[in-house]
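In terms of full-length UniProt numbering, the sequence shown is residues 1 to 126.
Treat the hints as calculated values from the structure; they're not laboratory data.
Computed from a predicted model, the values in this text were never measured in an experiment.
Watch out, some of these pointers could steer you wrong.
Stated by the list, open to error - 27 Å max Cα-Cα, derived BS3-like pairs, lysine-lysine:
1) 25 - 121
2) 15 - 36
3) 36 - 13
4) 59 - 37
5) 28 - 17
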Amino acid sequence: KTINAVIKPIDKKYKNKSINVNKNKIIKSTIKPASKKEIIDTLSVMGGLDWELWMTALKESNVLENGVLTIAYSYISSDIISPIYRDGTIGLAKYDFDRSAKNIHKNLRKLNGNVNVVILKPTITK
């Protein structure tokens with residue numbers, strides 16, 4: 001089964017100008033709020049549960065070395081797009097991701113392990 005993440009606001013529409021890179025034009029765009037299913041699916045794809053489950057399974061299998069380091073990537077967004085990023089579906093997933101990072105960090109303490117989260121700016125690609 002394929003599960004897809006969406007970049008959408010929660011509870012209300014998001015209206016702003018956008019760039020149609022195929023037509024090289026500035027357009028007005030509206031993004032409808034995410035459905036409950038889209039929110040759950042985005043949490044599943046972009047949240048931290050898979051990362052946390054993997055790290056727990058690796059630890060319980062005794063395959064992690066002392067001083068283990070796990071690295072994950074996150075982002076910062078500008079205020080103009082925060083309704084669809086930090087305050088939207090991706091933001092919920094990032095809160096879950098942060099929760100998982102804290103849990104993994106606690107879980108790796110006995111191994112002198114650590115969690116590093118690299119924070120980057122989001123980019124738009126064609």
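Going through the hints against the structure:
{"no.": "1", "hint": "25 - 121", "verdict": "holds, 24 Å"}
{"no.": "2", "hint": "15 - 36", "verdict": "holds, 20 Å"}
{"no.": "3", "hint": "36 - 13", "verdict": "holds, 15 Å"}
{"no.": "4", "hint": "59 - 37", "verdict": "violated, 32 Å"}
{"no.": "5", "hint": "28 - 17", "verdict": "holds, 4 Å"}
Checked against the numbered hints given earlier, the structure breaks only hint 4 and satisfies all the rest.
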